[in-house]
Amino acid sequence: MRSLRVNLAQFCILAITGVLIAAFGVQFGAGELPCPLCMLQRMGMILAAFGPAWLLLRAMRGPIDARDYAQCYGISVLAAIVGGAVSVRQTLLHIAPSDPGFGEPVMGLHLYTWGIVIFATVCIVSGIQLLMLPKNSERLHIGVRAKCVLFLFAAVITVNTVAVFALEGFHWVIPDDPTSYRLFGDAP
Amino acid sequence: MDTIIFILLCSCFVAMWRGRRKAAGLLLVLTFVAVILLFNHHATDALEISL
Chain A
930 MRSLRVNLAQ
940 FCILAITGVL
950 IAAFGVQFGA
960 GELPCPLCML
970 QRMGMILAAF
980 GPAWLLLRAM
990 RGPIDARDYA
1000 QCYGISVLAA
1010 IVGGAVSVRQ
1020 TLLHIAPSDP
1030 GFGEPVMGLH
1040 LYTWGIVIFA
1050 TVCIVSGIQL
1060 LMLPKNSERL
1070 HIGVRAKCVL
1080 FLFAAVITVN
1090 TVAVFALEGF
1100 HWVIPDDPTS
1110 YRLFGDAP
Chain L
109 MDTIIFILLC
119 SCFVAMWRGR
129 RKAAGLLLVL
139 TFVAVILLFN
149 HHATDALEIS
159 L
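Chains as they are written, first to last, in this note's numbering: chain A, 930 to 1117; chain L, 109 to 159.
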């Protein structure tokens, strides 16, 4: 059961990291710059992954109990609610039948619609994890694989920070429909 | 604002990594508040455009 908890936490982080890397693929590969609401959804996803990440990081330092689990997955549920609200908002902005939507669809759905699916999944997985809380505190074995997942997640957050700074430049917010990286192509 | 939020996210992760629970918690709350404020800004902005 302990290894299942560790594996599930790793899987959650890896799944969200994979989605963020795919978003990089769309941004840098297809050249579609993210809008402000897309960026808010990325923030929501990173915050949602903070729950299991914090769980693994706490487990590295000692035994963890039900309260730790509840706090970590509580963070994920809150982040999923905030991120899901942003996804729903963006979906509703483009819900009119004649509206082509923002960006190209991926596997039939736009990225913001996938966002709703991802945040709903985070809520469901966090709920399942909360159902499996241990009665007593336990020591989890955090192996090399978990550390690699955490390093990858940290790298994705760092690259996102650099990318958003390049996109925003020295302005307060990202424009509604960005066309260039304002750090390089626009004076402050 | 987006850059600031991502810097907050980075700081929060570093605090978690180093085991600073209070600092990580505080940064997490700050990040949530900043994300909600930014969402509110964009939501009202789009509402004004549509009106």
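Hints may contain errors.
As a list, the in silico DSS-like pairs of lysine-lysine whose alpha-carbon atoms are at most 30 Å apart [to be verified]: (1) K1064(A) <-> K130(L); (2) K1076(A) <-> K1064(A); (3) K1076(A) <-> K130(L).
Listing some non-contacts, in silico: residues in chain A with all C-beta distances to chain L over 10 Å [as the list claims (entries may be wrong)]: (4) I975; (5) P1034; (6) H1039; (7) G1072.
Just so you know, these hints were derived from the structure itself, not from any lab.
A virtual CB, placed ideally from N, CA and C, is assigned to each residue, including glycine.
Status of each hint after checking the structure:
Restraint check for K1064(A) and K130(L): the C-alpha separation of about 25 Å stays at or below 30 Å, so the hint holds. Using a Cα cut-off of 30 Å, the hinted pair K1076(A) and K1064(A) holds, with the two alpha carbons roughly 26 Å apart. Only pairs whose Cα atoms come within 30 Å are accepted, and K1076(A) paired with K130(L) is accepted, the gap being roughly 23 Å. Listed as a non-interface residue, I975(A) fails to keep its Cβ farther than 10 Å from every Cβ of chain L; the least gap is roughly 6 Å.
Distance check for P1034(A) against chain L: the nearest CB is about 21 Å away, which clears 10 Å, and the non-interface claim stands. With a least beta-carbon separation of about 17 Å from chain L, H1039(A) lies farther than 10 Å from that chain, consistent with its non-interface assignment. Taking the minimum C-beta to C-beta distance to chain L, about 17 Å, the non-interface status of G1072(A) holds against the 10 Å cut.
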